[in-house]
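Here are the chains, one letter per residue:
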Amino acid sequence: MHEMFEVRWHGRGGQGVVTASRILAIAAFNEGFAGVQSIPWIGAERRGAQIEAYNRISRTPILLHSQVYSPDAVVVVDPSMITRNNNVVIRGLKKSGFLIINTAGTKVIPSIRVPEECLVYVVDATSICLELGLQAAGLYVLAMPMLGAFAKATGLISLKGLRKAVESSFESVLVEKNMKAIEKAYYSTLKVHITPEQYIPPVPPSRPERIPEFRHWTDLPPVPVSTPSKGSIGKTGDWRTHMPVIDKEKCTKCLFCWMYCPEAAVNVNEEGFPEIDYDYCKGCGVCFNECPRKAIRMVVDEKK
Amino acid sequence: METLILTGNHAVAYAVKMARARFVSCYPITPQTQIVEKLAEFILSGELDAVFVPVESEHSAMAACIGASLAGVRTFTATCSHGLAYMHEMLHWASATRLPIVMAVVNRAIGPPWNIWAEHGDSISQRDTGWIQIYTSNHQEAFDTILQAYKIAEDPEVLLPVMVCLEGFVLSHTAQPVLLPNQEDVDAFIPHEPWKHITIDIDNPITHGNLQMPEDWFYEFRFLLHKAMETAKKKIVRCSEEFEKIFGRNHGHLVEEYKCSDADVVLLSMGSLADQAKLVVDVLREEGYKAGAVKLRSFRPFPEEELCRIARKTECILVIDRNLSPGKGGAVASELKASLYGIKEKPLILECIAGLGGRDVTLEEELEVMKQAFKIIEECTEPKGIIWLGLK
Ligand code: SF4
Ligand code: SF4
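If you read the protein sequences in the order shown, they are chains A and B. The opening position of the first sequence corresponds to residue 1 in the numbering used here, with each subsequent residue numbered one higher. The opening position of the second sequence corresponds to residue 1 in the numbering used here, with each subsequent residue numbered one higher.
In short, the hints are calculated from the structure, not lab data. A hint or two may mislead.
Derived, one-sided and incomplete: chain B residues facing chain A with beta-carbon distance under 10 Å [said to hold, decoys possible]:
1) T97
2) R98
3) P156
4) I198
5) N204
6) Q212
7) F218
8) E220
9) F223
10) L224
11) L225
Backbone N, C-alpha and C fix where the C-beta goes; we use that ideal spot for every residue, glycine too.
Just chain A, with the same shape it has in the complex:
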């Protein structure tokens, strides 16, 4: 292996990415790596928002504190990341680096574009979570099974090391459920064959997305102001893996869902019923959690 092994995780707020990155660090430490780092990249701090997390794993203590730009492995927890912007995910990925993807049972493989010699591994982490009911606050913790896929693909850590890390991180009732997900993923992770049409030149390392309105401090006004607009950060509906569905039979029009929705994606119709604007509903499940009548269900969004 390299002197230092660097990992970049791609997921969405609420999918357990930060937790998984921490468990990976603990597991690696348990395996005898003296230098481990888990680096959550906290962005907008919104459920469903794109997030990244990083790991560094080394035999010697690590002095570097910046983000990871040229990862040896990229773990994609949410396949919509690839379909939306493949290059964001593979940016800076090292030659013969690992790309480990949750395919969520979808046909994401043909749309992957990677530099030559990249090793691509897939696992259906979404189905594993669904089957085991591995959920936290209404969302599936997709990053947990990805730890198993990472272990299988890279061979850097063992299932035993992961178990110790999971045991030290969760209450005992949760350990078995999480370990089952990790083990299932470990044994079902597959290396996929990439056809020459899927090869693209390497994407150079860069920082996470940048707002391109200005180039230089001389372009700036004296004060930052913003103009509020609908969907100012794009259609948050794209973030969704699960969608809330309201059962009007059970709904009492209390409008708790309208009040609690962090994206203001719940409208009220003429009859006083809540109606979800799926262009902006990010599928966070807050409404599901708050509805006192249990009139909201979260179902897998088939269109994703």
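On the provided structure of chain A, position chain B with the ligands as indicated by the hints.
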């Protein structure tokens, strides 16, 4: 024009009235309260056309001023000590939103133990909030500096809030003659033009202070704030020159020199002690000592070049700080030392702390410490750390 015998607090209130502030918000705190009481009277009697918003805390007082300033009107508040400390968060808001708010700080010690008397520690603690800080030495200067503060703050190349500092009781509650200028001259000196960087338009709402990620522009906006401070140095000088042209007096620009050209020892101080320092120099000169004095008016922005220029021509600078950074010393002394690092022939810097918690600083004490300084340079002895003036 007329001359009134005014307390320092009332001098400030008269200046705010003549500057035609349109919005005053405040929470009372000794020794500042008289300022806003007087302003409330002016507003009630119709002499000042302004809105007065009483609030439940200093934090809210500044928040209210921020709101009013965002709407484009000239605002004022006053506070000190614990009140200023409580305002701290909002001070950052005001400067980073580049609002030309003017505030009087009637310097008072921060407890415990409880103490309501003069000390610069309260405003020095707000050094890094992005506010311009000007320290005044007498009643007339306090009055004049309020007028200048609006001009500096509202300059389109500056757009920074200004603290005008005067010491509690020493200036705030003592009365001295203050020459009030003609209103027309004041109006001509500080005409009110709406700030162009912010507009309130209910049909095109904007928000301030939205998220800036590390890779966005936060860092660059801080850089711009620093640049505005640098620009403010030039503007403070220009403003005080213009002031002199219209009103026939100045109080120094960034610094004021007194008999420094041939001085071997220069006494550097801020506030009322800087006025007193001139007397110290006169007495010493009569006794044959080549002494000089420098008043530091602008603590932020800090006038590095001016102080280097003075430092080049003297052997020793004795700094009297009416503030204390425990574990280091006086703020003016340490900033002066840092500023002089780049010059080759450095004078000796002697640090002196005095007058904390309103402890009186007498002429005799200052004369004695200055004579000590002359002795040190004559005998080429090493200074022994901080001199604590009047410590029991
Ligand atoms: S919270 Fe539930 S019951 Fe209340 S309005 Fe929303 S869906 Fe209906
Ligand atoms: S509608 Fe429900 S699931 Fe969608 S964003 Fe709002 S709270 Fe989240």
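Taking the hints in turn, this is what the structure says about them:
1. T97: Since the shortest Cβ distance to chain A is 6 Å, the answer is holds.
2. R98: With a closest approach of 5 Å, the B:R98 hint holds.
3. P156: 9 Å, holds
4. I198: 7 Å, holds
5. N204: 7 Å, holds
6. Q212: Interface hint status for B:Q212: holds (6 Å vs cutoff 10 Å).
7. F218: For B:F218, the interface hint holds, since the closest Cβ of chain A sits about 8 Å away, which is under 10 Å.
8. E220: 4 Å, holds
9. F223: Holds - the Cβ of B:F223 comes within 10 Å of chain A, reaching about 6 Å at its closest.
10. L224: Holds. Min distance 6 Å.
11. L225: 9 Å, holds
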